[in-house]
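Participant: Please work from the sequences and hints to get the whole structure.
Protein chains in written order, with this note's numbering: chain A, 1 to 337; chain B, 1 to 526; chain C, 1 to 306.
It cannot be assumed that every hint is accurate.
Here are the computed lysine to aspartate or glutamate pairs in the EDC-like style, where the Cα-Cα straight-line distance is at most 16 Å [claimed, not checked]:
#1 B/300 to B/488
#2 B/525 to B/23
#3 A/7 to A/75
#4 C/37 to B/34
#5 C/37 to B/408
#6 B/487 to B/297
#7 B/210 to B/34
#8 A/108 to C/300
#9 B/477 to B/440
#10 B/395 to B/366
#11 B/61 to B/511
#12 A/2 to A/91
#13 B/210 to C/89
#14 A/7 to A/31
#15 C/52 to B/116
#16 B/163 to B/127
#17 A/271 to A/215
#18 B/354 to B/366
#19 B/138 to C/44
#20 B/210 to C/96
Because the hints were derived from the structure by calculation, they are not lab data.
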Amino acid sequence: MKLLEVKNLGVEFHTDEGIVRAADNISFDLEQGEVLGIVGESGSGKSVTCLAMMGLLPMPPAKITSGEVLFNKRDLLKLSEARMRAIRGKDISMIFQDPFTSLNPYLKISTQLMEVLKTHAHTMTYAESKRRCIEVLEQLGVPEPEIRFNSYPHQLSGGLKQRIMIAMSLLLQPKILIADEPTTALDVTIQAQILDLLKDINKKHGTSIILITHDLGVVADLCHKIQVMYGGRLAEQGDVDDIFYRTRHPYTKGLLNSIPSLDIEPGSKLKPIPGSPPDLTALGDFCAFSPRCSKVQEKCRTKRPERTHETGQHVYECFFPYETDQLGNAGDRRVGS
Amino acid sequence: MNMLFSLTFALLSALPPAQTSKDEFVFNNRGEPESIDPHFATGVPDNSVIAQIFQGLMARKADWATLVPGDAESYKISKDLKTYTFKIRKGLKWSDGTPLTAKDYEYSWLRVLRPETLSNYSYWLTDNVVGALAYQEKPTPENAAKVGIKAIDNETFVVTLNKPVPYFLHLTAETILAPVKKEVVEKWGSQWTRPENIVSNGPYKLSSWKVQDRIVMDKNPLFHDAANVKLQRVVALPIEDRQTGVNMYQQGKLDWSGHNGAPNSLVPAFKANPDFRIFPGFISYYYLFNTKRPPLDNPKVREAMVLTIDRDELVKQVTRGGEIGYGALVPPHTGTYGGAQGLPSKDFKADVAKAKKLLAEAGFPEGKGFRTLNLLYNTDENHKKVALALSQMWKKNLGITVAPFNQEWKVYLKSQNAKDFDLSRQGWQGDYPDPATFLELFQSKSGNNHTGWASAEYDKKFQETNNMPAGKARDAKLKEVEELLLKDAPIAPIFIYTNFGFLRPEVVGFEENSIDRPYVRYFSKK
Amino acid sequence: MLKYILKRIGGGVVTLFIVITLSFFMMRLAPGGPFSKDRAYPPEILRNIEAKYHLDKPLLVQYGIYLERVIFHFDLGPSTRYADRSVNELIASGFEYSARIGLGALIFSVFVGLCAGLIAALNHNKFLDYFPMSISMIGVSMPDFVLANILMLVFALQLGWLPVAGIDSFSGYILPSATLGLIFASSIARLTRGGMLEILGQDFVRTARAKGLSQRTILWRHTLKGGLVPVVSYLGPAIASMMTGSLIVEKVFNIPGLGRFFVDSATNRDYTLAMGSVIVFAVLIIALNIFVDCVYGLLDPRVTYD
Numbered sequence: 001m002k003l004l005e006v007k008n009l010g011v012e013f014h015t016d017e018g019i020v021r022a023a024d025n026i027s028f029d030l031e032q033g034e035v036l037g038i039v040g041e042s043g044s045g046k047s048v049t050c051l052a053m054m055g056l057l058p059m060p061p062a063k064i065t066s067g068e069v070l071f072n073k074r075d076l077l078k079l080s081e082a083r084m085r086a087i088r089g090k091d092i093s094m095i096f097q098d099p100f101t102s103l104n105p106y107l108k109i110s111t112q113l114m115e116v117l118k119t120h121a122h123t124m125t126y127a128e129s130k131r132r133c134i135e136v137l138e139q140l141g142v143p144e145p146e147i148r149f150n151s152y153p154h155q156l157s158g159g160l161k162q163r164i165m166i167a168m169s170l171l172l173q174p175k176i177l178i179a180d181e182p183t184t185a186l187d188v189t190i191q192a193q194i195l196d197l198l199k200d201i202n203k204k205h206g207t208s209i210i211l212i213t214h215d216l217g218v219v220a221d222l223c224h225k226i227q228v229m230y231g232g233r234l235a236e237q238g239d240v241d242d243i244f245y246r247t248r249h250p251y252t253k254g255l256l257n258s259i260p261s262l263d264i265e266p267g268s269k270l271k272p273i274p275g276s277p278p279d280l281t282a283l284g285d286f287c288a289f290s291p292r293c294s295k296v297q298e299k300c301r302t303k304r305p306e307r308t309h310e311t312g313q314h315v316y317e318c319f320f321p322y323e324t325d326q327l328g329n330a331g332d333r334r335v336g337s
Numbered sequence: 001m002n003m004l005f006s007l008t009f010a011l012l013s014a015l016p017p018a019q020t021s022k023d024e025f026v027f028n029n030r031g032e033p034e035s036i037d038p039h040f041a042t043g044v045p046d047n048s049v050i051a052q053i054f055q056g057l058m059a060r061k062a063d064w065a066t067l068v069p070g071d072a073e074s075y076k077i078s079k080d081l082k083t084y085t086f087k088i089r090k091g092l093k094w095s096d097g098t099p100l101t102a103k104d105y106e107y108s109w110l111r112v113l114r115p116e117t118l119s120n121y122s123y124w125l126t127d128n129v130v131g132a133l134a135y136q137e138k139p140t141p142e143n144a145a146k147v148g149i150k151a152i153d154n155e156t157f158v159v160t161l162n163k164p165v166p167y168f169l170h171l172t173a174e175t176i177l178a179p180v181k182k183e184v185v186e187k188w189g190s191q192w193t194r195p196e197n198i199v200s201n202g203p204y205k206l207s208s209w210k211v212q213d214r215i216v217m218d219k220n221p222l223f224h225d226a227a228n229v230k231l232q233r234v235v236a237l238p239i240e241d242r243q244t245g246v247n248m249y250q251q252g253k254l255d256w257s258g259h260n261g262a263p264n265s266l267v268p269a270f271k272a273n274p275d276f277r278i279f280p281g282f283i284s285y286y287y288l289f290n291t292k293r294p295p296l297d298n299p300k301v302r303e304a305m306v307l308t309i310d311r312d313e314l315v316k317q318v319t320r321g322g323e324i325g326y327g328a329l330v331p332p333h334t335g336t337y338g339g340a341q342g343l344p345s346k347d348f349k350a351d352v353a354k355a356k357k358l359l360a361e362a363g364f365p366e367g368k369g370f371r372t373l374n375l376l377y378n379t380d381e382n383h384k385k386v387a388l389a390l391s392q393m394w395k396k397n398l399g400i401t402v403a404p405f406n407q408e409w410k411v412y413l414k415s416q417n418a419k420d421f422d423l424s425r426q427g428w429q430g431d432y433p434d435p436a437t438f439l440e441l442f443q444s445k446s447g448n449n450h451t452g453w454a455s456a457e458y459d460k461k462f463q464e465t466n467n468m469p470a471g472k473a474r475d476a477k478l479k480e481v482e483e484l485l486l487k488d489a490p491i492a493p494i495f496i497y498t499n500f501g502f503l504r505p506e507v508v509g510f511e512e513n514s515i516d517r518p519y520v521r522y523f524s525k526k
Numbered sequence: 001m002l003k004y005i006l007k008r009i010g011g012g013v014v015t016l017f018i019v020i021t022l023s024f025f026m027m028r029l030a031p032g033g034p035f036s037k038d039r040a041y042p043p044e045i046l047r048n049i050e051a052k053y054h055l056d057k058p059l060l061v062q063y064g065i066y067l068e069r070v071i072f073h074f075d076l077g078p079s080t081r082y083a084d085r086s087v088n089e090l091i092a093s094g095f096e097y098s099a100r101i102g103l104g105a106l107i108f109s110v111f112v113g114l115c116a117g118l119i120a121a122l123n124h125n126k127f128l129d130y131f132p133m134s135i136s137m138i139g140v141s142m143p144d145f146v147l148a149n150i151l152m153l154v155f156a157l158q159l160g161w162l163p164v165a166g167i168d169s170f171s172g173y174i175l176p177s178a179t180l181g182l183i184f185a186s187s188i189a190r191l192t193r194g195g196m197l198e199i200l201g202q203d204f205v206r207t208a209r210a211k212g213l214s215q216r217t218i219l220w221r222h223t224l225k226g227g228l229v230p231v232v233s234y235l236g237p238a239i240a241s242m243m244t245g246s247l248i249v250e251k252v253f254n255i256p257g258l259g260r261f262f263v264d265s266a267t268n269r270d271y272t273l274a275m276g277s278v279i280v281f282a283v284l285i286i287a288l289n290i291f292v293d294c295v296y297g298l299l300d301p302r303v304t305y306d
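Facilitator: Have a look at this one:
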């Protein structure tokens with residue numbers, strides 16, 4: 001069952017430097033129990049898309065120029081603020097990148113957990129609410145949860161803080177959990193733990209997850225579906241195998257190539273994608289990736305590529321995508337002009 | 001801007017009904033008294049309070065200039081003018097009911113002489129009374145017996161002077177020589193003037209004194225003339241800000257806005273208001289010359305500078321507080337004294353021409369070679385205006401440069417005492433209605449003479465006036481003395497201050513007097 | 001926390017001692033003394049006066065006498081200007097009124113300042129932000145005697161709602177407290193707005209929104225504590241200023257407060273009264289600073305006292 005349908009979402013920011021098209025014609029679906037990974041560099045529009053869905057963008061300077069976001073058949077973009085508030089934290093939860101700044105240092109953990117329940121489930125008694133909080137903390141592997149419950153954020157480590165953020169978002173068993181770069185601010189060992197945690201939640205409770213990240217390595221294990229964004233636009237989208245073994249878009253290819261691997265010879269160089277991120281005020285009717293693409297041709301610079309649907313899930317926007325044969329060798333395939 | 005508002009308001013609105021009651025007199029005392037010990041206090045706010053609660057041998061009428069019997073119902077002066085015999089009224093009482101006699105006067109005047117009383121005006125006695133100076137220097141009982149202050153019996157008080165003093169009776173009417181009660185002073189020491197301790201003999205007594213809030217005085221039923229005292233209560237408020245004082249008057253909270261109780265700059269506009277009164281005062285405003293510093297040691301230079309002050313222009317355009325431009329030192333109409341002429345004539349242009357000639361004769365034609373003089377004044381907007389105006393006049397008329405500089409009050413006093421100036425502003429208020437109170441300043445041995453000018457002839461002539469009885473002959477001699485001073489010009493007289501303020505129309509009996517002192521015992525309200 | 005307070009009090013006493021010593025000696029540097037007058041005292045009298053107040057003794061001896069009196073007897077000495085009153089009395093009576101006005105001003109300024117600042121912060125870059133902030137700019141730049149006179153002219157003289165001066169009734173306190181309060185309210189408003197805007201831009205506010213909390217809950221529960229921190233640090237010395245009286249407000253409204261003593265004692269070289277005023281002010285500032293530092297700990301749990 002399709003839980004979430006995002007159709008042609010467009011978000012603009014009106015700034016002094018010009019109009020920034022942060023998200024341009026973005027579409028994806030999310031099934032029940034599915035994990036979608038949205039991958040891209042900073043400024044690719046991955047966070048903006050999700051914040052727009054949740055109604056958390058300040059409007060002005062942001063403006064939703066097109067699209068609809070259907071959650072249980074209702075368009076979230078058209079809902080009143082009051083209705084959205086009822087959904088946030090209850091049906092759809094979001095956690096953020098930096099647990100050090102995302103928790104309120106002035107309030108106890110207990111306050112910050114209990115208020116979620118007070119807001120959305122005010123019929124629960126204090127005892128019931130507290131029990132639920134402790135229960136979730138335990139599930140997430142927080143040691144000595146009672147003590148942590150009564151602490152202040154500054155008394156906890158980064159990993160612990162992030163677990164608490166996750167706990168906060170799961171108290172009411174939301175249908176969708178949006179995790180915006182949840183591990184970027186943590187060190188690698190903790191990263192692995194958190195990712196395992198998310199996997200666990202998805203398996204045990206069937207919670208759908210949208211995982212936003214810039215690190216392709218992270219999504220491989222966890223996600224069912226992956227969407228690659230560039231310059232606010234969709235580059236490529238598909239299930240994990242599509243993206244890793246039937247890569248079409250040069251940007252996706254570049255990302256894959258730049259992942260360091262244990263098999264590389266010592267002393268050899270990393271392979272970054274040359275060039276720098278696009279100026280989002282200067283995008284138009286041309287391919288956003290063209291300045292950096294190794295396969296660029298004149299056509300790319302004068303017309304924006306249309307969306308190509310290869311198979312059911314596999315979608316990309318490129319005039320000169322990569323080809324793979326049965327053995328996984330890349331080649332060129334020309335798409336009709 | 002606020003002044004403009006207040007001004008418009010003052011001119012356009014009618015005075016609201018009085019918020020003070022019919023049998024009290026509420027006024028702005030313009031400041032907090034330092035002390036109300038009559039032997040020690042010197043300030044104006046102090047004296048306006050003391051004048052209500054104490055009385056001396058002689059008293060004053062509401063015009064301040066006329067003497068009437070006070071505690072002494074009569075007096076006799078000896079032929080040589082040196083012995084005064086006062087007859088104290090029978091049955092006088094202190095405010096606590098105990099009898100007041102000549103013996104109280106003897107005690108009080110000796111107290112004035114004693115150094116620990118710290119009386120700044122004790123020189124009124126030490127200069128004039130036999131044995132007084134010796135007693136002040138060594139206050140032993142032996143010396144006390146030798147002082148010419150004696151209570152022969154309860155009703156007879158004899159004062160023996162070492163020379164005739166024509167204005168001596170005026171001195172006895174001043175608060176300095178009021179009586180104080182011995183037992184109270186000795187019991188309470190410096191706390192004797194507190195409302196719970198004080199005992200006095202005047203038409204009112206001190207009921208309460210809240211520092212910086214108000215002083216309340218109620219009618220003294222034991223006063224010998226209580227029958228004629230109409231108002232029951234006097235309230236003195238220490239409002240320093242003149243604008244606030246005017247505002248309170250406009251709200252009906254004051255009967256009198258106080259001595260000079262309005263901002264100077266608004267005086268020309270307030271003149272139109274029927275409640276506002278303005279009349280000559282008793283303060284002379286002049287500049288001192290440091291006659292020891294060249295070129296001010298040359299009287300021609302000094303005369304030239306005196307002649308080139310355009311006094312009319314100054315009071316009309318610069319100070320605008322209604323002051324009276326004056327070319328002499330002693331204010332006119334001081335008692336019976338008519339006033340001196342001084343150097344300036346009625347023709348300013350002629351004076352300027354004469355001054356130019358004098359300056360050339362002194363060796364500085366058109367001001368060439370004349371060094372820059374400094375002019376000291378104490379920090380105040382009004383003094384600054386006068387200093388700048390006069391500097392300009394001297395520049396324009398004589399071509400000389402005078403540079404004003406200001407110092408804070410205490411620093412200014414120090415500089416003045418040290419004679420660390422070329423010119424210095426000074427203002428002097430007379431203490432009693434006789435020219436001597438001004439003229440004594442410039443005797444060579446006077447501690448208040450900062451000009452360095454000393455004239456044996458002046459000292460001699462001035463002493464002669466002291467040896468004469470009050471009257472026309474003496475007035476003529478005083479005029480001679482003053483002209484002598486003015487001709488030699490150790491000072492440049494500028495103007496006489498006026499007294500001004502708002503007074504409610506219901507108040508009757510507050511005559512315009514030179515020092516603007518309210519003698520509330522004569523007041524009533526219609 | 002207790003150890004911290006004791007340590008601070010100890011430090012405060014040392015500071016106070018230094019302040020007293022420095023002030024004592026610096027005051028004597030100004031030329032002139034309490035008894036220089038335009039009509040000179042006869043020398044005998046002057047000698048007596050100076051002896052009475054120990055002014056004839058060497059400076060160090062005077063200092064010793066003064067310290068002994070203050071520390072062991074809490075006696076600030078006699079006033080040289082007000083011959084029959086002690087400095088203790090004068091300061092006590094003045095402080096009573098200044099403190100009342102100060103309290104009124106505190107309530108007024110905190111109430112008006114906080115409200116204005118909060119409204120401005122919540123309506124950032126809209127009319128409700130610009131309007132209160134412009135007014136507070138005027139308030140900060142306008143000299144206090146202009147403000148005092150305008151308020152008096154409008155409310156007392158023109159409208160007649162309130163008395164012009166004097167504090168015989170409660171209504172007499174309103175104008176002076178409001179004048180003094182407005183002066184500080186301007187700063188409080190700006191600090192509140194700044195503090196709140198900073199907090200409102202923090203990540204945890206976004207988290208709170210993502211949890212579905214209402215704007216009101218976010219404001220009161222999540223942001224107020226942190227947003228008020230700059231205001232608290234401002235209030236420490238501000239309260240000391242309010243309590244010790246503003247000279248201008250006292251002069252215009254004729255309040256018998258401390259402010260006048262501060263200034264007049266300097267002009268009159270009334271050393272004991274001036275020292276007394278300095279001590280009162282120093283004690284207040286020190287005490288309030290300690291208090292404010294403790295309040296931080298209540299607001300921000302990250303602050304520790306070891």
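Participant: Give a verdict on every hint.
Facilitator: Evaluation of the provided hints:
1. B/300 to B/488: Status holds; Cα separation ~9 Å.
2. B/525 to B/23: holds, 7 Å
3. A/7 to A/75: holds, 10 Å
4. C/37 to B/34: This hinted pair holds, its Cα atoms lying about 13 Å apart.
5. C/37 to B/408: holds, 13 Å
6. B/487 to B/297: holds, 14 Å
7. B/210 to B/34: holds, 13 Å
8. A/108 to C/300: holds, 11 Å
9. B/477 to B/440: holds, 14 Å
10. B/395 to B/366: holds, 10 Å
11. B/61 to B/511: holds, 9 Å
12. A/2 to A/91: holds, 15 Å
13. B/210 to C/89: holds, 11 Å
14. A/7 to A/31: Satisfied, since the Cα-Cα distance of roughly 15 Å is no more than 16 Å.
15. C/52 to B/116: holds, 9 Å
16. B/163 to B/127: holds, 9 Å
17. A/271 to A/215: Holds: residue 271 of chain A and residue 215 of chain A sit about 15 Å apart, inside 16 Å.
18. B/354 to B/366: Given pair residue 354 of chain B, residue 366 of chain B holds - Cα atoms ~12 Å apart, limit 16 Å.
19. B/138 to C/44: Cα-Cα ~10 Å, so holds.
20. B/210 to C/96: Between residue 210 of chain B and residue 96 of chain C the Cα gap is close to 13 Å, so the pair holds against 16 Å.
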